[in-house]
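Using the hints, put the two chains back together into the complex; each one sits in its own frame.
Protein chains in written order, with the numbering used here: chain A, 1 to 192; chain B, 1 to 257.
Check the hints yourself; a few may be wrong.
What the hints assert, rightly or not - Among chain A residues calculated to face chain B with C-beta under 8 Å, some are: (1) Leu55; (2) Leu85; (3) Arg88.
Don't read these hints as lab results, they were simulated from the structure. Computed from a predicted model, the values in this text were never measured in an experiment. Backbone N, C-alpha and C define an ideal beta-carbon position, used for all residues, glycine too.
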Amino acid sequence: MLDDVSVAIPDGATALLGPSGSGKSSLLRLLNRLSDPDLGTIHFKGDDVRELDVLALRRRAVLVPQLPAPLPGTVADNVRYGPSLVEREPDVNSCLGRAGLARTYAERDAAELSVGEQQRVMLARALALEPEVLLLDEPTSALDEATREGVERTLIELAQAGVAMVLVTHDRGQAVRVASKVVELREGHLVR
Amino acid sequence: MSSIDVTLTEVAASLVLVGIAVAVSRWRRADLEQDLVVAVVRSFIQLTAIGYVIQAIFDSDSLLLVAALLAGMVAFGSFTARSRAKDVPGALTPIALALTVAAVTTLGLILVLGVFDAKPRYLVPVGGMVIGNAMTAAAVALNRLGDEIGGARAAIEATLSLGATSRQAAAGAVTRSLRSGMITLIDSTKTTGIVFFPGAMTGMLVAGAEPVDAVRLQLILLWSLLGSVSLSALIATGLGYRGFFTPAHQLRDAGPR
Numbered sequence: 001m002l003d004d005v006s007v008a009i010p011d012g013a014t015a016l017l018g019p020s021g022s023g024k025s026s027l028l029r030l031l032n033r034l035s036d037p038d039l040g041t042i043h044f045k046g047d048d049v050r051e052l053d054v055l056a057l058r059r060r061a062v063l064v065p066q067l068p069a070p071l072p073g074t075v076a077d078n079v080r081y082g083p084s085l086v087e088r089e090p091d092v093n094s095c096l097g098r099a100g101l102a103r104t105y106a107e108r109d110a111a112e113l114s115v116g117e118q119q120r121v122m123l124a125r126a127l128a129l130e131p132e133v134l135l136l137d138e139p140t141s142a143l144d145e146a147t148r149e150g151v152e153r154t155l156i157e158l159a160q161a162g163v164a165m166v167l168v169t170h171d172r173g174q175a176v177r178v179a180s181k182v183v184e185l186r187e188g189h190l191v192r
Numbered sequence: 001m002s003s004i005d006v007t008l009t010e011v012a013a014s015l016v017l018v019g020i021a022v023a024v025s026r027w028r029r030a031d032l033e034q035d036l037v038v039a040v041v042r043s044f045i046q047l048t049a050i051g052y053v054i055q056a057i058f059d060s061d062s063l064l065l066v067a068a069l070l071a072g073m074v075a076f077g078s079f080t081a082r083s084r085a086k087d088v089p090g091a092l093t094p095i096a097l098a099l100t101v102a103a104v105t106t107l108g109l110i111l112v113l114g115v116f117d118a119k120p121r122y123l124v125p126v127g128g129m130v131i132g133n134a135m136t137a138a139a140v141a142l143n144r145l146g147d148e149i150g151g152a153r154a155a156i157e158a159t160l161s162l163g164a165t166s167r168q169a170a171a172g173a174v175t176r177s178l179r180s181g182m183i184t185l186i187d188s189t190k191t192t193g194i195v196f197f198p199g200a201m202t203g204m205l206v207a208g209a210e211p212v213d214a215v216r217l218q219l220i221l222l223w224s225l226l227g228s229v230s231l232s233a234l235i236a237t238g239l240g241y242r243g244f245f246t247p248a249h250q251l252r253d254a255g256p257r
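Isolated chain B (complex conformation) (with noise of 0.2 Å):
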C-alpha cells in the first residue's frame, strides 16, 4: 500500500477552516467559540496520543497489545453510551456485553472468512471503527428505549396486568428501540458514495490508493459493521429492558430525569 507524508504545517493550515468555525460563532452569538477551542485541543491530543500507542503496537507487532488496546476501547466507548442513555437504569452492563460481543464477533467472522489477516495495522483501525459504531447504535437504542418506555408506563402497565411478563409487556418497545439503533447506518449505507464519501474511503483516495481498491475495503467495513451495529443494538435493547423492571415484573418507579 502506498503512503503519504503529512506535514505538522500542512495540519497547522487546516486551522484557518475552525478560523471559520469560530467567526460563524461569534457572528451568530451561537456561544460556541470555547467548545470549538476544547474540541480542536482535545482531537490535537487524543488523536496525537493514539497514534504514539498504534505506532507503539504495530511496532511491537503484538495481537495482546491489540486486544488491551480494543478492550480499552470497549471501556471508554461503554462509559460514553451509558452517559447517553441516562434514563436506562443500570445500563452500564448491557452495553459492555453489546460492544464486546459486537466486537469479538464481527472481528472473529472478518478473521474467519479471510478478509483481513490477524495484523494489527487491520484489527487496530477496523476494531476502532467497530467498536465506535457498536457504540452509537447501543447508545442510540437505549436512549430510545428510555423515551418508549417512559412514555408507556401506563400502556406498559396495562399490559403486565393481563398477566403478561416483562419481555412480553416491553417487547413493542423493545423492537421500536433496536430499529432506531440499526436505522442510521442503514441509511448511511443506502447512501454512500451519492451523497458523503465515508472515511476510510476518503483516506484511502487520498493515501493514493486505486479507487477500486478504495471502493472495496470500503463496502467489507460498510457490510461488517452493519452486523455488528445490529448485534450491540439487539443485546443492549434486549438486556437493557430488564432495568426498568423488578423481578416480579413491576415496572420500576420513573428515576431521576
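Excised from the complex, chain A in its bound form (with noise of 0.2 Å):
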C-alpha cells in the first residue's frame, strides 16, 4: 500500500491528506503498530517503535478507529478500560468533557448511543490513557454533516489545547481548519 514514504511528523496536529486507497490509513496503523512494515522503520520521539514495549506504545499513541466500536458496558465502563489494564483510574468526567460529552452520559449503555456519541466515547476513552499522541483515522467519515462539525470542533478545541494529533482524512478543509501541518498521500506516495 505504501511505498518508499518518509516524512516526519512534529509534535502538534499534524493532517494525514489524500483520497481513499491512498496509504494514509494504512501509515496510520504503522504508528501504533496495528500493523508493521515490509521494509523500513517507524520511529517515535527517537525510538524505533519495534524496540518499544508494543502494549505501552499503544497507550502513547492511542488510534481512535474509523468506525466507532464501543465495548460492552456503559460510557464510564469504555473510558475506564485503557486505565484499568495498568491499574489507573481515570477521571471520566474529564474526559467526557474534553470529548464533548455531558456527564450525564457516564452511566448510559454505550451501544445505545447515536454514532456520532459513540465516536466522541471513543474520543473520550483514548484521552482517559493521557496518550502523547492522538491517532484519528477519518474520525468524523461516518457522521452526518451536524454532527461532524461538532466533533470537528471538539477535535480543533483538543489541539488547541495543546494535544498531539495525527488526523487522517480525505477532506481538505477539515485537515486546514484542525491542523497545523498536512502531510498529503496519493497512492501510497508522499505529494507534499
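Structure representation (C-alpha cells):
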C-alpha cells in the first residue's frame, strides 16, 4: 500500500490528507503497530517502535478508529477500560468533558448511543489513557454533517489545548481547520 | 451382561430404509443419491474394520493396544475438526491438545473413581465416545471463533489500540465460542429421554439389558461427556485464538476464506 514514504511528523496537530486508497490509514496503523511495514522503520520520539513495548506504545499513541467500536457496558466502563489494564483510574467526567460529552452520559449504555455520540466516547476513552499523541483515523467520516461539525470543533479545541494528534482525513478543509501541518499522500506516495 | 446375535440378513434388511432415503432424494431432486451410497458403503467398511480391530483388542486384553487405538482416534479426530475450522490459523495443535487432554482426563477420572474397570471392553467404546464428542465440541467452538473474530476485526483492533493484549481483546469472542462448543451437549442432555433416546441406552435395551442399568450407564456417559466436552472446548478456544494474532498483539491479515 505504502511505497517509499519518508515523513517526519512534528508535535502538535498534523493531518494526513489523501483520497481513499492513498495509504494514509495504513500509515496511521504503523504508528501504533497495529501493522508493521515490510521494509523500513518507524520512529516514535527517537525510538524504533519495534524496540518499544508494544502495549505501552499503544497507550502513548492511542488510535481512534474510523467506526466507533464501543465495548459492552456503560460509557464510563468504556472510559475506564484502557486505564484499568494498567491499574489506573481515570477522571471520567473530565475525559467526557474534553470529548464534548456531558457527564450525564457516564452511566448510559454505550451501545444505545448515536454514532456521533459513540465517536465521542471513542475520543473520551482514548484521552483517558493520557496519550502523548492521538491517532485519528477519519474520525468524522461515519457522521452526518451536523455531527461532523461538532466532533471537528472538539478536535480543534483539543489541538488548541496542546493535545498532539495525527488526523487522517480525505477532507482538505478539515485538514486545514484542525491541523497546523498537512502531509498529503496519493497512491502510497508522498505528494508534499 | 446379556448379548444378542445380529445376522447379516438382518443388516441387509435395514437397507430397505436406505432405499426410502434414495427415493426421497430422487423424487425431490435433492441430488443426494451418490452421497447416500458413499455413506452406506463407508459405514459398512469402516464399522466392519473397526469391529475386527476391537475384537482383536478384546481378545488380546492389552491396554497398550487400547491406548494405540485411542491415539489413532485422536489423530483422525484432530484432522477432521481442523477441516471444519478452516478460518482458524494453526488450529491443528490446539485441537490435538484439546482432544488428548479431554480423553486422558475423562478416562483417567472414570478409572480413578471406579466407574469402570480398566478393561478394553469399557475403555474402547467409552474412549471413542469421549473423543468423538470432544472433536465435535472443538470443531464447533473453533468454527464459531473464526466467525466471531472475522466479524469483529474492527472492534478487536479498537481494543488492541487501548493497550489490551490479544488475549484481552479476544476474550469476548473466546467466551462466546466456548459456550457454543458446550451448549449442544448441554441441550441434548436436558432433553434426553424425552425427545430422543441416546445411543448407548438404546443399544443396551436392544441387547436385552434391564432398563434401570441402561439408564444408569447412560447417565454416567452423559455426565462424563459434559466434562470432556467442556475441557475440549476450553483448550481449543483458549489456545486457538492465538493463531489470529502475532506475538506483537497484532491481528493477522485475514486468511483465504
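### Interface hint for A/Arg88, Cβ within 8 Å of any Cβ on chain B
11 Å, violated
### Query
Taking the least C-beta to C-beta distance, is A/Leu55 closer than 8 Å to chain B?
5 Å, holds
### Message
Given A/Leu85 as an interface hint, is its Cβ closer than 8 Å to any Cβ of chain B?
### Response
5 Å, holds
Going down the numbered hints, you'll see the structure goes against just number 3.
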